[in-house]
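**Student:** Chains as they are written, first to last, in this note's numbering: chain A, 30 to 141; chain B, 5 to 116.
Keep in mind the hints are simulated off the structure, nothing from the lab. Don't take every hint at face value.
Lysine to any residue pairs mimicking SDA-like chemistry, simulated, CA-CA at most 25 Å apart [unchecked claim]:
id, chain 1, residue 1, chain 2, residue 2
1, B, K108, B, V86
2, B, K108, A, V117
3, B, K56, A, P129
If you want the footprint, here are the derived chain A segments under chain B, 3+ residues with CB under 8 Å [to be verified]:
id, stretch
4, 68-75
5, 132-139
C-beta atoms are modelled at their ideal positions from N, C-alpha and C, and glycine is treated no differently.
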Amino acid sequence: NAGVTQTPKFQVLKTGQSMTLQCAQDMNHEYMSWYRQDPGMGLRLIHYSVGAGITDQGEVPNGYNVSRSTTEDFPLRLLSAAPSQTSVYFCASSRGAVQPQHFGDGTRLSIL
Amino acid sequence: GNSVTQMEGPVTLSEEAFLTINCTYTATGYPSLFWYVQYPGEGLQLLLKATKADDKGSNKGFEATYRKETTSFHLEKGSVQVSDSAVYFCALSAGANSKLTFGKGITLSVRP
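Hey, can you work out the whole structure from these sequences and the hints?
**Tutor:** See the structure below:
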């Protein structure tokens, strides 16, 4: 089983560039989320979705956009990359409320 | 709002030592509690969970008991192995949208 698949695994961007981090899950989970992991900060929620067509902001949404056109996919868009967005990004999915989340392997993003 | 506080790290132990990692939480309502583990270069994996007061979650020799009176969910293992070296995150989920709130994580290193 693939579970949650994130692409790319690594990416280097220049300040001001835009890009999309891809996330796909094959478990038919309704809930999907994006987190960023920074040293000493734990994981912080960027955006989440409770189903196709429904998204909402998390703790640190500024500078990021999401959409959920299908149950399987939940891409994260950086509109104009900034050095402060250098981080490791994790996508996660779960079957429903208070269910354990399944995480992808992460995307390590560096903004120069 | 919801929050999770973990003890400061890192923690270094010898193989077969006893492990305790403290976790306390603040939440409205009745949260579900989780421990996630992150091995080097990987995403987070669910280690164990508890969904109501006095529940004990257990997996791979690790245990944690949901203590509502002390708002705690401390992780314990009687005899750690080198393969337990990882980052451990305490987390809670509260409310209808399955949003996880993470602690900052603690790095455990086990030496032979």
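**Student:** Any hints from earlier that this structure breaks? Give me their numbers in increasing order, please.
**Tutor:** The structure conflicts with no hint, since it agrees with every one listed earlier.
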